[in-house]
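Asks: Make the full structure from the sequences, and use the hints.
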Amino acid sequence: MQRGERISQILVALATIALVALPVVAATFGSTYAVTLATRLLIYGMVAVSLDLIIGYGGLISFGHAAYFGLGGYTVAILAFQLAEGVPIFGYDGTNEALVAWPLAMLVSGLAALVFGALSLRTSGAYFIMITLAFAQMVYYVFVALKYYGGDDGLAMARRNTLGGARIVDPQIFYYICLGLLAAVIFLVGRFTRSRFGMVLTGARMNERRMAALGFSVMRYRLVAFVIAGMIAGLGGALWANLARFVSPDMMAWTKSGEFMVMVILGGLGSLFGPVLGAAAFILVESTLSELTEYWQVLFGPVVVLIALFAPRGLWGWLTVRRRGA
Amino acid sequence: MTFRTLMLAGAAAMALCGPAMAQVKIGFITTLSTPAGYLGEDARDGFKLAVDQEGGKLGGVPVEVIVEDDKLKPADGKQIAEKFLQSDKIKLFSGIIFSNVAGAVVPGILEAGGIYVSPNAGPSNFAGKGCNANYYVTSWQNDNLHESAGALAKKLGYKKMVLLAPNYQAGKDAIAGFKRLYGGEVIEEIYTALDQTDFSAEMAKIRAAKPDAVFQFHPGGQGIAFLKQWQQAGLKDQIPMVVAAPSLEQKIAAAVGDAAVGVAATTHWNTDLPNAQNKAFVEAFRKKYNRDPTVYASQGYDAALLIGAALKATGGKLDEKPFREAMLKADAKLVRGDFKFGTNQHPIQDWYEVKAVKGADGKVTLQTVGKVVEKLQDSYAKDCKL
Amino acid sequence: MQLLIEQILNGLQLGGTLFLLAAGLTLVFGIMGVINLAHGSLFMIGAYGAAIVAGKTGSWGLGVIAGLAAAALVGVLIELVVIRRLYARDHLYQVLATFGLILFFNGLVAMVVGRAPLLMETPKVLSGFVELLPGIPYPTYRLAVMGVGLAVALGLWFMIARTRVGMLIRAGATHRDMVSALGVDIAKLYTFVFGLGALLAGLAGIVVGPIRSVQVGMGEQVLIMTFVVIVIGGIGSVRGAFVGAMLIGMADTLGRAFLPGLLKMHMSGALADGLAGALSSVLIYIVMALVLVVRPRGLFPVGG
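Protein chains in written order, with the working numbering: chain L, 1 to 326; chain D, 327 to 712; chain H, 713 to 1016.
Since the hints were made in silico from the structure, they are not lab data. It cannot be assumed that every hint is accurate.
One side of the interface only, derived from the structure: several residues of chain L facing chain H at Cβ under 7 Å [unchecked claim]:
#	residue
1	L111
2	T123
3	I131
4	Y149
5	L214
6	Q297
7	F300
8	P302
9	V304
Under the rule of at most 30 Å between Cα atoms (straight-line distance), these lysine-lysine pairs were calculated in the DSS-like manner [claimed, not checked]:
#	chain 1	residue 1	chain 2	residue 2
10	H	K768	D	K613
11	D	K536	H	K976
12	D	K708	L	K147
13	H	K976	D	K505
14	D	K681	H	K836
The C-beta atom is built at its ideal place from N, Cα and C for all residues, glycine as well.
Replies: So this is what it looks like as structure tokens:
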């Protein structure tokens, strides 16, 4: 195991160097697209890390994580829209300031996760999968029907949020903001999972009764994890809205939730860094295949099946643990 | 690296071969998967037919059409557009079928100094105040589809009608557009759900409301389901139906068969339009793809012809001013017949009434009845400051 | 009053269709514990098989046979290649693998058959109307759909409760080891059950073909609604699936039929339309959430 940990550390160090250097390298080659693409990977990676917290550590298979991602994105876009229209929302003016809008996005997603989580966590197993899906579908249809905010056509943002009053125009600066936030999320989730709290969460996954017998209110711990995951996904949505400067109900479609699940499993359940790798691999494989052929699904489908069948530890596990037996 | 070097070598070799005209790349972002995949497929095949007929050129300028599937996801469309813009250095775009994808993709293209020529979606937000010098719609402004259907209902003398559309933006626009030129009484507006496939509840309501006729907007698969269930409910022979092109095009007619017969629709193009270029197009399309073209195929073809006319005039240059000047002349013989750009760079064109009929071979096709509206322009043009 | 009765009939009819879809799904889950998202793909394959063969031969009967055979065959194939590796695994991997299968089959059908929707007409015998209520002709085909739904429900009940195969299936679901100790090949039994589930999905596709659109992705449009049905009923319970299907069929139909009118009594037209549209879209999910909050394992919980 020690050896695996060493490899992990080396991998993380290498990845960090690569990610920090990426915009500089891309600039030397004159490729702005690499930075945009990498920003997208970071944001999806963040959402995947948050989903891993509940699926990988908590064993709670949420099939509705896209809802929190979408709610975060819509919060930011709606605040900007209200500002542009000059119409207050709930008595307050809209805003284009990230320091206000992003925490609000997390708050909205967190509140939704609190309500949906409290109701969903009464069930377990396949019922939990389906009820989380049902709640996400509700949110999806509500936004499809919200004509004022563009309904099915989505809502565009004229410009990115300002950060402390300064505009974020440069894609490189936005990239570093996302990278910094992703690092912070990984750090916090890492601390969280190693704390007593995380021990209870993982313990409940393996043996719920024992944890309950030890006097822990399993439900409460799970709910807190669910809310934290929702908040991080909301932050991811807020960043996504800024990257794309566009939100649409498509962000919360059930297939999006499915994609996030694929990213987590592809990267490795409960592996903290794995989901980021999984998100990157997912996006790259999917976009490469759809560039290759218009019938990309015929190739991509089997890839997903193979991952499910033969890569239970995911890419991260394969990279770090495989050599143990050798 | 090797690949890049090779390409450079290739470019150098080409440069040595004489003053060949620079190739223009066209980014064609369209919907090829999902149930709506056949729409993008036809638009692409129509577009490519025009390029192939000229031997890989449009307006004498060599072009390369790079096609990618947006999967009907706005975010994916945007991602492809960014790659085309930044990585492939493409400036000229076309192909988007759906308004929600266009809403996400088009602003980014225009900001980056690109040109977008729409072969299908024509949402209102880019037609009025939001119009742009580098944005052209060659198909129709969305409302025109339903305005023409409203005009047809009026012409056919229907006094009181029930209107149905899905409960999303395009559906609401459809009903608003229909009412603009209809002028009769609307007994009831019924909004169906996104992805709804069973309409028996709505049909019972319509039966009870006893309207003169019904207008419904359900594109693609939903439209097929609606027409089939309409016939099964026995309403087809009792209440006439008026629809716009997306709810009854050539493929829908073929897929519902008898259930479509007798339904009146409006369109700006049909297989049997008698002009010479259309006859040639239909024949060439059948020959190349071994199937009948749809209205989407005609739109892809016409978009390519219009781009070709502009490229010919500018010699393949995409600089804003000369390209725009050439493009707005619309100096091409389109398969739909007369065509002109309005001030907002959206079409001014004629709309026809078509009816589904059963041929001797048992296949159901659309037959043109006559013109419904001449030189129809959208109502947003006056807000456009171009 | 007449309208209300007609709408209730419509609700029952939609319920019948939903049950056809849900029966196979709940059977597979109840016995083998597999969540099969690709159920929608089998539904599509059944409809395509029937539409293509009926179109080529002009015979509805041959179409039905072809559709059933295609769905069952593909079902058995995916059980042998993919599903059987997933029995002992967490639901997560089942969801993932069958999600991949959906992509594969949608792409494959688009590539092989083409993207255009297929023609599938109502069989001539069933294309008329029956006047169930004076002045309201009800489509014969819709009645036939209800009939098929009922027949499947009875057939499944009979098979599970009264036959040797049914006994093995029941035993296999709860005492897997004991059944195999008795010398029954459990792997073959599971392949059979999965094939049966696929056959039912295919049957649903064939029955629905003349009412809806036969096209790529047609399965996903109904997949989620089907899951709602079996979750409400209690996953694994055929009886639950029946009750759930009727409940959802009713809720969905009556919601769409009467919500706008009810809301218009209390608010402006446009607002009522918007709200009614949103509400009727989410109504089935609200029903499901309510049921699960009160009964976390559905109306007819299965197993311990």
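Asks: With reference to the structure, classify each hint as holding or not holding.
Replies: We went through each hint and held it up to the structure:
{"no.": "1", "hint": "L111", "result": "violated, 17 Å"}
{"no.": "2", "hint": "T123", "result": "holds, 4 Å"}
{"no.": "3", "hint": "I131", "result": "holds, 5 Å"}
{"no.": "4", "hint": "Y149", "result": "violated, 12 Å"}
{"no.": "5", "hint": "L214", "result": "violated, 23 Å"}
{"no.": "6", "hint": "Q297", "result": "holds, 3 Å"}
{"no.": "7", "hint": "F300", "result": "holds, 6 Å"}
{"no.": "8", "hint": "P302", "result": "holds, 6 Å"}
{"no.": "9", "hint": "V304", "result": "holds, 3 Å"}
{"no.": "10", "hint": "H:K768 <-> D:K613", "result": "holds, 22 Å"}
{"no.": "11", "hint": "D:K536 <-> H:K976", "result": "holds, 20 Å"}
{"no.": "12", "hint": "D:K708 <-> L:K147", "result": "holds, 24 Å"}
{"no.": "13", "hint": "H:K976 <-> D:K505", "result": "holds, 21 Å"}
{"no.": "14", "hint": "D:K681 <-> H:K836", "result": "holds, 24 Å"}
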